[in-house]
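Q: All chains should be modelled from the sequences, with the hints used to inform the complete structure.
Chains as they are written, first to last, in UniProt numbering: chain A, 1 to 328; chain B, 1 to 328; chain C, 1 to 328; chain D, 1 to 328.
Heads up, none of these hints are tricks.
With a straight-line cut-off of 30 Å between C-alpha atoms, the simulated DSSO-like cross-links for lysine-lysine are:
#1 A:245 - A:221
#2 C:137 - D:199
#3 D:236 - C:236
#4 B:199 - A:167
#5 D:326 - D:256
The following residues of chain C were derived to be distant from chain D, with all beta-carbon distances above 10 Å:
#6 58
#7 59
#8 79
#9 110
#10 135
#11 169
#12 182
#13 245
#14 261
#15 291
#16 319
#17 326
Note that these hints are calculated values from the structure, not bench results.
Glycine included, every Cβ here is placed at the ideal spot set by N, Cα and C.
There are 4 protein chains.
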Amino acid sequence: MKHIQFDHQKPLDFIAIGRLCIDLNANEINRPMEETSTFTKYVGGSPANIAIGISRLGKKVGFVGKIANDQMGRFIHRYLEKNNIDTSGVVTDRTGAVTGLAFTEIKSPTDCSILMYRDNVADLKLEPNEVSEDYIKQAKCLLISGTALAKSPSREAVFLALEYARKHNVVVVFDLDYRPYTWTSSEETAIYYNLAAEKCDVIIGTREEFDMMEQFEHTKKDDDVTAGKWFRYHAKIVVIKHGQKGSIAYTKQGTKHQGGIFPARIVKTFGAGDSYAAGFIYGLMEGWDLDQCMEFGSAAAAIVISSHSCSDAMPTVEQVTDYIRKHR
Amino acid sequence: MKHIQFDHQKPLDFIAIGRLCIDLNANEINRPMEETSTFTKYVGGSPANIAIGISRLGKKVGFVGKIANDQMGRFIHRYLEKNNIDTSGVVTDRTGAVTGLAFTEIKSPTDCSILMYRDNVADLKLEPNEVSEDYIKQAKCLLISGTALAKSPSREAVFLALEYARKHNVVVVFDLDYRPYTWTSSEETAIYYNLAAEKCDVIIGTREEFDMMEQFEHTKKDDDVTAGKWFRYHAKIVVIKHGQKGSIAYTKQGTKHQGGIFPARIVKTFGAGDSYAAGFIYGLMEGWDLDQCMEFGSAAAAIVISSHSCSDAMPTVEQVTDYIRKHR
Amino acid sequence: MKHIQFDHQKPLDFIAIGRLCIDLNANEINRPMEETSTFTKYVGGSPANIAIGISRLGKKVGFVGKIANDQMGRFIHRYLEKNNIDTSGVVTDRTGAVTGLAFTEIKSPTDCSILMYRDNVADLKLEPNEVSEDYIKQAKCLLISGTALAKSPSREAVFLALEYARKHNVVVVFDLDYRPYTWTSSEETAIYYNLAAEKCDVIIGTREEFDMMEQFEHTKKDDDVTAGKWFRYHAKIVVIKHGQKGSIAYTKQGTKHQGGIFPARIVKTFGAGDSYAAGFIYGLMEGWDLDQCMEFGSAAAAIVISSHSCSDAMPTVEQVTDYIRKHR
Amino acid sequence: MKHIQFDHQKPLDFIAIGRLCIDLNANEINRPMEETSTFTKYVGGSPANIAIGISRLGKKVGFVGKIANDQMGRFIHRYLEKNNIDTSGVVTDRTGAVTGLAFTEIKSPTDCSILMYRDNVADLKLEPNEVSEDYIKQAKCLLISGTALAKSPSREAVFLALEYARKHNVVVVFDLDYRPYTWTSSEETAIYYNLAAEKCDVIIGTREEFDMMEQFEHTKKDDDVTAGKWFRYHAKIVVIKHGQKGSIAYTKQGTKHQGGIFPARIVKTFGAGDSYAAGFIYGLMEGWDLDQCMEFGSAAAAIVISSHSCSDAMPTVEQVTDYIRKHR
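A: Here's what the structure looks like:
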């Protein structure tokens, strides 16, 4: 039984909308950033990572987003093209906005942090009239990322993309990706997250992210209750992640799937969620059952956290399959 | 057959959420404001006018909103109390915001304009955590007004109130009340208006307002199509106003009702929509059929446009009934 | 001996730069504004009042400022013209700014307050390139008002006007006019006030205003010390006002002049400073000795505080002379 | 004859006020930034570079500025300390501001550019009350840098420091350092630059910077005229730089000194001005004649442009002396 149906007539497999930015990863690891001296530049941002991941897995991928009119923006554009991602939906800002930056600090494999530059960033300047209905409708699947809801006009652009997707039978995946620093308040976040989630087919987030979304309800924070809530709207699949303890996926039909994690020689924890999402969505599009999707996602995550970068470490199908075989 | 069901157990008849402001009406009329010299102060703002109107018609009314911590704010508070409106949901701003102002200019009965002061206004600073679920759930009916969606945090406060209303079976009326000057763009407006309208039971607006909301659809601007769209969401009644040509009301059951206008000795056109809404909603709550609701609304409108003020001219049931009898 | 020298070749007597706004004076007095219901509209703003005052006294006056592109702005423009003030230096804002408002509340003759609307006001949007060197140089005297220093770009426009005045031998009078609500902090105010005052010929302010300007100095607040400080820069005359106790004027030559106040049937205290300044500057331009200038200013002040308005009550030479004769 | 007198009783030789930021220099040079992949992190900002330069030359140096409360801010703090710069005047921002960034791109030795991150930066948040009169008065010399005048409250902090310096006989050097991207308009820049320059003892800038400052004057852009203007205020020395053609220094006494440039194996042109200023000011403090100061500054500049970094390449006295000997 299929939990979710993709329209196989559509020419593009997958479009992500939202953040395109730059990761600057400290080359010297296992020390505070005060003591590092060089950084390597990568394309970053959760939806960018997922799009790159799904492209590496062999799908036809496009992106809708906004880049700065500078060297960083052009670097991102080139990198997407090099990764076979269609950039016809990527527009260039003309207001002097900058590219968002994330300096990563790896004090130890489990003590990592990020120093963000998010003032006046191009990605949040995407406007509704820069989202093409004709483009969105060509995709089997649209991924929206919570961070793109943080500010106008990007927020409105995402709601419009969501509307177009619904109208044209495009499956919508909502990767919650909650980053408190881009938001005014947790109340504001919860309100827009709920408005968006009501219209999505697949919702993927951590337990903490779902808790944030339920702050106005007086229910106990319970995975079964959370999943049940969304099935009363449009959701068909809800995935709740519990970090080291793995994840749990629910289907509207009532099935419940526990997923574990793979062993890994962890360099840093960044990128685990994005590679998981890429692997999981890939599985869904292949029509696999949920247990298999979750295993594939977990293996992709294990590969990425064993590497220095996020986007650049996204694995191919062969690498993931191989990893599963070796570590199952 | 009842088109809409109110929960008669609830202690409050009606709560409005949104704008509370001050009208400064030029006393010297039929000339440009450059030539006027004195103004009279009234409470204003579309939801304030409607709340006052419904209270005058004898219903138990409350308000959820924010007022400035100054003489204008206190004047509004007193006026609501004097009109038997419960103000337990009205909070006072502490950030130095001001009271919104509308200077009205009456060049001729049909050539009226408004000079607005909407920078840093208290009403748009209402926060989600200032909206009480316990309060909202006590009402049979909640009115939301489009202008309150124009800016954060008021926008989020309204979406939250809407959620509480839905959860507790409170009928939600959406008075579109579109004022371009408070919005960044017409695209932004359309996106939030649609998100809100999807969740409402009764939608009242002008043809132009519905056109604005349909800007991303490639349908022709047609009343039947418009009404039909909203019945696929939660709406039970849709009212489309055509100015001097009257209005048309649709029900989910498929009925369609044409409403005319009453003759009036027009002083100015301001306030016609608010008094119509007050009269129409009053009729719905009384369980009248739609033709009677529309006639009552139109008569209330005719009374208000024959007066100098909006809020202060809202009629009683006797006045409306009397007017209908005389002019039918 | 002349304390200050005006260049009598110059065609204009006096130009003021800065705030043009609207006073809305409650018609019902001796009560809080919560209990008033009508307001009368007047042109207001300290430099506007002074310019009108000096024009009424028979001098040739011009203005450099910015008005909103609305009915209030046009009302101001007309009123200046009607008062024989040259408006060739008054430009109209094109950004959607509004006219500043001051609602006055007269609880008792000595308990008056003002409710200000100063967000996004046109007067503070005057830009340096809207100040004409050719215009400034035509005046014998330029008045700058402290409030115009509160925000960019008006602040820069005033500094540029000051530079032009100095270059072309135009006497500069600085009316301190400190309104805390338009400023970010008292430190910020003091810094720009001092930068401006260093370049002025005549400085007029209250003791409290001079105290604010001396906050970074560890001197005791003493009129002699204050005046002495400014004579080490460019000042020739310093006037320090002590409210009900009158004022004291110092000259660079070392003379010191005590001025009293006239009896008045006070309606409200607003406008006293502006009419005093108008009368005092008029006297200076007539070449009177300082005692006579101060007496003339005090009489003008007494006339204005006995009236309902500020600008509209500015007296003629005959009225002032008459008042002095009757009350000396 | 001494052109300028330092008070040798004062315990600190030199304090700089203003920008502390981070340079991220592309390690791969002679290519556009789109093709670089790693960056090295250095302390940057014109006044920081000059302070480091003067400290390397053996003077006792302090800094007044504001750093972000993050890893970048702490890195700057440590680097200053490591370079024997007193940081008791360096405060930490508590508002969530970030550290300014400058990504440098070296396409060729003569085609270099900078990608700046200047939104919400800590250095421009320095407040007047964070500038200590007791600290400023301990220095023989204060350097102010034009960029710190770009925004409130840093602008006011600099004007206050300038006032304290004047009051306590601290020689003030103004390094114009005009960066258009931090300013609203060139008019605004000129107005504040002129207000500051009027109070300074030494003014150093490029011909283009002086042209910008003279935009409201109708003089021809001529070095003699420029220098003459400032000697009518407080300046004793004016240095006008002409890039590759060297520089020209004027003294109030009427002398005029032409300075050349040294040959160098140029890596990039950044930092030339800062190292020149450090060397020149060092010479002034040593009591050298102007020709010698200029030669020393030029040699320091030649050394820095032959290196990858700015701050980190600042030479010692021995290195400069050696360079002069070899290349004279």
